[in-house]
Amino acid sequence: MTTLEISNTHTSFAEIRSKLEAAGKFSKFVLNSVTIDGDEEDMIAVAKHFRGKPLESATFRNVVATDSEVDLGLIVSTILVTASQFKHLQVKGMCFGAKSVIGSVSYASALESIELARCGLVDEDAMKMVDALAKASTVTCVDVTGNDFSDFCAHAFADGLKKKTSVTNVKIDKMIVGESKANGVATTAQKKSATAA
Numbered sequence: 001m002t003t004l005e006i007s008n009t010h011t012s013f014a015e016i017r018s019k020l021e022a023a024g025k026f027s028k029f030v031l032n033s034v035t036i037d038g039d040e041e042d043m044i045a046v047a048k049h050f051r052g053k054p055l056e057s058a059t060f061r062n063v064v065a066t067d068s069e070v071d072l073g074l075i076v077s078t079i080l081v082t083a084s085q086f087k088h089l090q091v092k093g094m095c096f097g098a099k100s101v102i103g104s105v106s107y108a109s110a111l112e113s114i115e116l117a118r119c120g121l122v123d124e125d126a127m128k129m130v131d132a133l134a135k136a137s138t139v140t141c142v143d144v145t146g147n148d149f150s151d152f153c154a155h156a157f158a159d160g161l162k163k164k165t166s167v168t169n170v171k172i173d174k175m176i177v178g179e180s181k182a183n184g185v186a187t188t189a190q191k192k193s194a195t196a197a
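With the first letter of the sequence shown counted as 1, position 177 gets the number 177 in my numbering; the numbers rise by one all the way through.
Since the hints were made in silico from the structure, they are not lab data. Be aware that a few hints might be false.
[As the list claims (entries may be wrong)] No more than 25 Å apart at the CA atoms, straight line, and that leaves these computed lysine-lysine pairs for DSS-like:
hint, residue 1, residue 2
1, K171, K28
2, K53, K28
3, K48, K28
Please work from the sequences and hints to get the whole structure.
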């Protein structure tokens with residue numbers, strides 16, 4: 001698997017696009033601890049680069065756009081909708097427009113695992129994700145740890161995945177600590193510390 005990784009830097013969408021063009025074919029894309037300058041038009045040019053590419057995996061860890069009007073979720077959505085071989089998505093510590101990304105999950109015909117950890121997702125996003133994953137029959141692993149779900153939502157999310165999807169492994173906060181195997185769904189949960197802010 002050929003990887004294009006951009007890590008630990010402050011860059012621009014134009015520079016990222018240049019690296020994408022120079023790299024040619026790659027099956028894994030990683031942005032790790034990256035701050036990106038540029039406007040929405042620049043970001044759209046980067047997103048367009050992923051259309052029709054043989055990408056199998058993408059990781060976005062602690063990625064921030066300096067322009068608050070830029071929704072990095074557009075890049076993630078473009079990958080989900082257009083990369084026909086795309087199997088693994090990991091997004092950690094990156095806030096984005098949840099609606100477009102979650103809606104795009106149902107179009108990812110080969111997606112096997114999705115991690116949206118510490119992304120600022122709320123209860124409403126979780127339930128929309130259940131509906132999207134019900135249409136994405138290949139997804140078996142979901143990680144939504146570190147998001148702001150209520151206790152009720154965490155349980156409803158896990159239960160919804162169990163009843164409506166082919167997901168067999170769920171990681172979510174605010175549930176009983178440990179691993180359980182109920183009705184074919186393994187749930188790994190982490191209990192938040194009472195002192196955590």
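Okay, the hints, checked on the actual structure:
| no. | hint | verdict |
| --- | --- | --- |
| 1 | K171 with K28 | holds (23 Å) |
| 2 | K53 with K28 | holds (11 Å) |
| 3 | K48 with K28 | holds (16 Å) |
Of the numbered hints listed earlier, not one is contradicted by the structure.
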